[in-house]
Amino acid sequence: MINPEAKLAANIFDKPDMASTREGFGKGVVEAGKLDERVVVLTADLAESTQAHHFQKAFPERFVQVGVAEQNMATVAAGMANYGKLPFITSYATFSPGRNWEQIRTTICLNNVPVVVCGMHAGVSVGPDGATHQALEDIALMRALPNMIVISPCDSEEGRKATLALAKAGKPGYMRFGRDKTPIMTTAETPFEIGKANVVWKSDSPVVAIFATGHLLYQALLAARELEEIGIAVSVTNVHTIKPLDREIIHSLARGAGAVVTVEEHQIMGGLGGAIAELLAEVCPTPIEFVGVHDKFGQSGTPKELIEHYGMGVSHIVEAVKKVVSRKSA
Amino acid sequence: MEALTDQEIKKLEQRANAIRVTIIEMLVAAGSGHLSGPLGMADIFTALYFRVMKHDPKNTEWPLRDRLMLSNGHIVPVRYAAMAHAGYFPIEECMTLRKFGSRLQGHPERDMLPGMETTSGPLGSGLSQSAGYAYAARMDGKTFRVFCAMSDGEQEEGNTWEAAMFAGKYRLTNLTAIMDRNNIQIDGNTEDVMPLEPMADKYRAFNWHVIEVDGHNIPQFVAACDEAKAIKEKPTLILAHTIPGKGVPTIENDYRWHGNPPGKGPTDKIPADKQKEVFLAELRTVQKNVAVGHP
Chain H
1 MINPEAKLAA
11 NIFDKPDMAS
21 TREGFGKGVV
31 EAGKLDERVV
41 VLTADLAEST
51 QAHHFQKAFP
61 ERFVQVGVAE
71 QNMATVAAGM
81 ANYGKLPFIT
91 SYATFSPGRN
101 WEQIRTTICL
111 NNVPVVVCGM
121 HAGVSVGPDG
131 ATHQALEDIA
141 LMRALPNMIV
151 ISPCDSEEGR
161 KATLALAKAG
171 KPGYMRFGRD
181 KTPIMTTAET
191 PFEIGKANVV
201 WKSDSPVVAI
211 FATGHLLYQA
221 LLAARELEEI
231 GIAVSVTNVH
241 TIKPLDREII
251 HSLARGAGAV
261 VTVEEHQIMG
271 GLGGAIAELL
281 AEVCPTPIEF
291 VGVHDKFGQS
301 GTPKELIEHY
311 GMGVSHIVEA
321 VKKVVSRKSA
Chain W
331 MEALTDQEIK
341 KLEQRANAIR
351 VTIIEMLVAA
361 GSGHLSGPLG
371 MADIFTALYF
381 RVMKHDPKNT
391 EWPLRDRLML
401 SNGHIVPVRY
411 AAMAHAGYFP
421 IEECMTLRKF
431 GSRLQGHPER
441 DMLPGMETTS
451 GPLGSGLSQS
461 AGYAYAARMD
471 GKTFRVFCAM
481 SDGEQEEGNT
491 WEAAMFAGKY
501 RLTNLTAIMD
511 RNNIQIDGNT
521 EDVMPLEPMA
531 DKYRAFNWHV
541 IEVDGHNIPQ
551 FVAACDEAKA
561 IKEKPTLILA
571 HTIPGKGVPT
581 IENDYRWHGN
591 PPGKGPTDKI
601 PADKQKEVFL
611 AELRTVQKNV
621 AVGHP
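If you read the sequences in order, they're chains H and W. Residue numbers for the first sequence, in this note's numbering: 1 to 330. Residue numbers for the second sequence, in this note's numbering: 331 to 625.
Just so you know, not all the hints are guaranteed correct.
[Claimed, not checked] Pairs of lysine-lysine, DSS-like flavour, derived with a Cα cap of 27 Å:
(1) 57/H x 472/W
(2) 34/H x 168/H
(3) 618/W x 388/W
(4) 34/H x 388/W
(5) 27/H x 7/H
(6) 499/W x 559/W
(7) 606/W x 618/W
(8) 171/H x 472/W
(9) 243/H x 57/H
(10) 57/H x 499/W
(11) 472/W x 168/H
For the record, the hints were derived by calculation from the structure and aren't laboratory data.
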C-alpha cells in the first residue's frame, strides 16, 4: 500500500494531474529568484523548452542568453558563480552536460563553485526528436564527478522542490528533467530533502525492494499495485537524489527484502542501478534486476511506444520483480 | 595612471629577471613542467603584479581587488613566481611546485592557493569564465577590472570564440584579455599547426578593441592596460607579441622547449643541474645588457 508518510496525491491512481518535470523547474527557479537575488539563469537558445522563459519574464536583468554555445554557458556560469552568483544553466541534457562535460568537470566541480546544470529532455520519452536528443547517459556523466549533487525528480512538484533545494545548497548540482507530461504523484506536503530517499509504497514483509528515479516511479507504483494483487509484496522507494545516495535506507530495504529491482530512464550502466549495485556489493550483496535502457540508443516514436519498446513499462517491472524473486530462491 | 619613470622601468625589468630565475629554479626542482611560456610572460606578469593590478597579497579576498584569471594554466610557474615575489607566500615555497602535498599544483587550483582566482589547465575556458565574472560584477555595479591571460594556441579551441562573441555582445568593458602571442605550441609553430592570423582582425570582427604591444616592453604594456581602462564601449584584447623562452637565448623561439624543464628538452643529454647553470648564466648576461642599456 501507499506509504501515508509520503503524503502522495489523493488522485494518484485515478486520473492524476499531469505536468512535465521541467515545468516544475520553471516554477521553482522563479521562486528561488524571489528568495535570493543572487540567482541567475542562463540558456543556450532554448529559453522556452527549458522553461527558463518564466524566469526571463520575472527577472529580465538576471537572465542571460548565451546563444547556441553550451561550453560557453557552463564556463560563463562558472565565472559568475566564482564571483558570487548562483547560476542555473539550461539546455537539453544531451548538450549540457553532454557536450560541455569537461568544462563542468574543471571549471565547476574542481573549481567547486555553485553552478546548477539543468538538463532537459532526458530519456527516450523526449519522443519524436529521436536518439540525438534523448539523453540516456547524463546521470553517469555527472555522478562520476566529485563535488557534484545529482537529482532526478519524479514529477513537476518534486522538480520545483529540487530547484529550490539546490539554490540553497551552494554547491555544484545537476538536475535532469523530462519533456513529456507525466503524473503528479507528490504534493506540497511530501517530504523532500537532498540525499534522503522516500519510501512511497510498502506492503507487509516485502520480498523485493524497488528503487526508482524520475517519472518512472509512477510505473513502479502501478507495478507494485499489480504485484500486490497476485500476492507479491514489494516496497517502492523514490531515489530522487542519486548522489549523494541515501545509503542507509537503501541498505536497510535491500537487506530486509533480499532482492532489488532498479528503475530508471537511463542506460543501466552508471545510473541509479549502477550506484545501487556499487553500494550493495559493498555492504549487502543482493540479487538485482535492472530496468532501464540496455546499451542502446533511442529512436523516434511516442513516449509510450518508446518506454514499452525499451523495456521500461509496468509489465517489464513486474517481470523483473518475478525474475529477481526466482533468483533469490535459486 | 602616471607614466613610468626610467628608474621604475628599470626596477620592473630587474624584478622580471628575478622572476625568471625563480621560474628556472622551480622547474628544475620539480623535474617537469613548462618553461618557454612562463619565461616569455615574465615581463607581463611582473607589470601586472607590481604595477597594473589593484591587489593585496595579505588580503587575498579583498572585494575590490582586480581579478586575474589565468586561462592557459600550464604557464602557472610565472604566476606562482610573481605571486611569491609580490609577497603572497615565501619564494622558497616555489620549490614545492608539482610535488605531493604542495599548494602549487602542476596546473593551478583555486581551492588550494589563496589568490589563485580560478582553476585552469584544459585550454579555451578561461576567457568565458572571465567574461562571466566580468558580467556578474557589472550586474552589481562593481568597478574592479577582470584580466584574462591566455595563450595563442588556445585560440584553436571553439570555446574561446564562444567567449569572444559573448564578451563582444555584452560590451564587457571591465574585461581585458591579454594574449601571449608567442607563435608556438606543443606540436610546432602555431601557423603550421593551425594558422591563427589575422588575429587582431578576428577580435576586431568580434567587436573587441585590440591593442598590439611588444610583450617585453613593460611601459608599452602598462600603457595598453591604461588605454583598456579608458575604453568604454568594448572589451579589450592586448595582443602581446612575446618571445617564448625570453631571456635564455638557447631556447628562445624553439617550440621543442614548450613543455619541458631544463634537462628534458631537445638537448636532454645535458643533466638538469648543469643546464640550469647554463640558463641562469645566459639570464645574467641578458640582465647585464639590460642594465647597461643594450638592445
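message: Holds or violated: residue 27/H and residue 7/H, Cα atoms, limit 27 Å.
response: Judged against 27 Å, a Cα distance of about 21 Å means the pair holds.
field: Given pair status - residue 57/H, residue 243/H, alpha carbons within 27 Å
entry: 32 Å, violated
query: Taken at face value, is the distance from the CA of residue 618/W to the CA of residue 606/W at most 27 Å?
result: 18 Å, holds
Restraint status (C-alpha distance of residue 472/W to residue 168/H at most 27 Å): Roughly 24 Å separates the two Cα atoms, so the pair holds.
Given pair status - residue 472/W, residue 171/H, alpha carbons within 27 Å: The given pair, whose Cα atoms are some 24 Å apart, holds under the 27 Å limit.
query: Under the criterion that the straight-line Cα-Cα distance not exceed 27 Å, is the pair residue 34/H, residue 168/H satisfied?
result: 13 Å, holds
- request: Would you mind confirming whether the straight-line C-alpha gap from residue 499/W to residue 559/W stays at or under 27 Å?
  value: 18 Å, holds
task: For the pair we were handed, residue 618/W and residue 388/W, check the Cα-Cα distance against 27 Å.
output: 33 Å, violated
message: Check the hint pairing residue 34/H with residue 388/W against an upper bound of 27 Å on the C-alpha distance.
response: The given pair, whose Cα atoms are some 37 Å apart, is violated under the 27 Å limit.
field: Given pair status - residue 499/W, residue 57/H, alpha carbons within 27 Å
entry: Holds, at about 21 Å.
field: Given pair status - residue 472/W, residue 57/H, alpha carbons within 27 Å
entry: 25 Å, holds
Figure legend: structure checked against the earlier numbered hints; hints not met, in rising order: 3, 4, 9.
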